[in-house]
Amino acid sequence: MTTEELKIKISELLPSVTFEEDGQWLNVIADAKDWLPFANSLRDHPELHFDYLFCLTCVDWKTHLTMVYHFESTQHRHIVVVKSKLDRNKPEIETVSHIWRTADFHEREVYELFGVNFLNHPDLRLLILPEGWEGKNPLRKDFEDPVNMVKL
Amino acid sequence: MYRETQIIEDRSTVSPTGVDLEGADLVINVGPQHPATHGVLHLVIALNGETIKKVEPHLGYIHRSIEKMCESLSYRQFIYVTSRMDYLSSHINNHGCALCVEKGLQLEVPARAQVIRVLMDELTRLASHQLWWGAMAMDVGALTPFFLAFREREMINDIMEETCGARLTMNYMVPGGVMVDIHPDFQRRVKEFITHFKNKIDEYDELVTGNVIFQNRTKNVGYISKEDAISYGMSGPSARGSGVQCDIRKLYPYEVYDKVKFDEIIETDGDSFARYMVRMKEMRQSLSIVEQLIDNIPEGDFQAKTKAVLKLPKGEFYSRVETARGDFGVYIISEGGTTPYRIKFRSPGFSNLSALDHMARGGKIGDLVAIMGTLDLVIPDIDR
Chain A
1 MTTEELKIKI SELLPSVTFE EDGQWLNVIA DAKDWLPFAN SLRDHPELHF DYLFCLTCVD
61 WKTHLTMVYH FESTQHRHIV VVKSKLDRNK PEIETVSHIW RTADFHEREV YELFGVNFLN
121 HPDLRLLILP EGWEGKNPLR KDFEDPVNMV KL
Chain B
1 MYRETQIIED RSTVSPTGVD LEGADLVINV GPQHPATHGV LHLVIALNGE TIKKVEPHLG
61 YIHRSIEKMC ESLSYRQFIY VTSRMDYLSS HINNHGCALC VEKGLQLEVP ARAQVIRVLM
121 DELTRLASHQ LWWGAMAMDV GALTPFFLAF REREMINDIM EETCGARLTM NYMVPGGVMV
181 DIHPDFQRRV KEFITHFKNK IDEYDELVTG NVIFQNRTKN VGYISKEDAI SYGMSGPSAR
241 GSGVQCDIRK LYPYEVYDKV KFDEIIETDG DSFARYMVRM KEMRQSLSIV EQLIDNIPEG
301 DFQAKTKAVL KLPKGEFYSR VETARGDFGV YIISEGGTTP YRIKFRSPGF SNLSALDHMA
361 RGGKIGDLVA IMGTLDLVIP DIDR
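Protein chains in written order, with the working numbering: chain A, 1 to 152; chain B, 1 to 384.
Please keep in mind that the hints were generated in silico from the structure rather than gathered at the bench. Just to be clear, a hint being listed does not mean it is correct.
[Said to hold, decoys possible] Here are the simulated DSS-like cross-link-like pairs (lysine-lysine), alpha carbons at most 27 Å apart as the crow flies:
hint	chain 1	residue 1	chain 2	residue 2
1	B	K103	A	K83
2	A	K62	B	K314
3	B	K68	A	K141
4	B	K314	A	K83
So that you can see chain B by itself, here it is in the shape it has in the complex:
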């Protein structure tokens, strides 16, 4: 059922008949079923002519109460649910949860597992950014990039399928390492992908980044300052477009991120184009990380020896990882049992979305999709 909003009430006071054209506000609903919202997100937008006065997100269409569900799942089981949150970075979600459990158990992860984990994370980031790039270009009216992006993304999905057994919800990270060893063909296929994608990413730039129409649509649109971005709790590429230094991989390195060379991409313009550029440059960085590691996977175990039933000691554990969307946090409160007493997932999309109103206000309705596109929203990540 439709939820009453503040905006609707405002409108009824302005014009009781609803047909007052002079200075009347127009309220339109975008979603929950709308291609530009990339999922079931419902936006109620108050307009004055073409100018946006307010954007109000209505959430919860796919709220599954994952936090409550996890309270009755064991420390091995709950990781599988988290793949269903940010389904484009499911590896990294699993990784964050595995890190948190390992922190509680004080478990050392074998070197081989650490490298495999980072490789998988970066491949996931690439796949996620590719999908974002295609969808973003489609939002502003270019259809071809969507097909190009899916061509490359398909290669990564095939690699994932071969090693993890699934294409989207991989559930490959477990406490202590990874579930199975990599497929014998893994290294060859990743190298194939690297050589293929290196040329293609230049094609991406030629096709979209340098395009005048695209630049006109995204430059000076959806500006947010550095201070506001921090205050809204933004993270990931969306915040780095405003000059916020927030890459968890650099600030609090986990696994082997302190041993590989990569740059934290920061743009200072704070508009949609800056956020776009951050992701484009990040793809090259991820590619470089994969390149550095693919020939240097150490021999050894892929999983540390753990007990069949995991019990975390009494206490609180928090782990942070950098997903394709930003700072993902897992907060476990343990009472010493086999299930968490309380678990909280700090999802990057939730905070990033809260800044949408601030960014879109005063802009034109046509720019809204260009702003939303560069926020890279994944709705299950927001609703949880």
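Okay, chain A solo, but in the shape it has when bound:
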């Protein structure tokens, strides 16, 4: 599907989305509260069929956090990037680990590094960091650690 067709299809699914096209792929900006039904339809719509979540990450923009999901369809071979703005003081978004199972580990990683709370995640615990790191989020821009961090 071309970018234009993707835009039409996606705005049919969720009229409130906005698009950005300056990047490599089509960027879809969706609201966090619409995320779960929207994610379901991205996966299940036969013409979209985004079944491969190849990158899930988060960016700290100092004023807010942005979740970034990279999707690819292994059937149609189109790629879309979905972004969702989160409140920096209380970042919350629905989990998608039951739709794409790879999100289970990736969301746990984002949880510990950025402090994003994934609602209804089956097992939201620290994955990489050792215990005692709850609440400290090393990949946030204001994170300071005088012991372990070497400033270059």
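With chain A held as given, fit chain B onto it using these hints.
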């Protein structure tokens, strides 16, 4: 310190004394120091008799927060750190990063550099698969293959040492091309290696692939369906063993991959033996790519002219390359400065590992190493 797990809690509710033998679950720890985990990976395994109920990987023993580190490194410097992630495919990691920076700078790489890069990538893939083959055979009880694999891998390491100056963390790819030109002896030694390895790979097959004991250990073990493999985000040879078409070199060709002839190897059985066969056949494909290119390295520059300090324009850049383990992604968000604002490495091992629980569940504890062996885990790649 040991981390409390869900499994341990379950167990304490079942048997408060810990010696309830009837129907009691056994929890065992594999690693962090265990030869079969190929690094510092810690698995907590819940068992019912010999049957695996759950496998829980505990990560982070060599987490260095490379993503945070890269935020304060310049676009020339950060590439060197990425060699330390997947140390068996360090060339390909560097390649992915270089491609991403070039994408931002809209830099054209000279033809000579492109061919050298692909040659190095494929030699790295061969070396990585050789190590995997030796280690995999060792995991299931055959010691000799490990020494045979290292004999051939040593030849590649020597070639790398001569041209790049290092044997493992080469740091040879830079934005705009490669760091130095190839050694005058490079072509001769690679050709020597090709003739040597062509016979040896048949020996590999004779020794291990056709072995009845090996086939019994790996067939119908660790099955994962195509749909599940995609859902778990698996990529590379591990996913191609389940019939997923996911070779980035074929789907989104970079450098000269669209000009060389090679096949994407796909097996449909989805078990450990299928994943094993994918890698064995891939070695032959890589060898063929090296053979096609080694006499056709064009003359010219090995590096494009770049500024001393690189500045990427504001925006987002994503590049994908196929490492020996799968789909490696570099995601750079630039604010227009000399360092990245945020960088994310999508490592193939991380997603492949997440499928381990699914593959091992219901199987026997003895099969776990056969499953892990064919996932080809490199722990620094997972922890980053």
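Inset, instruction - Return the numbers of the hints above that this structure violates; sort them in rising order. - result: none
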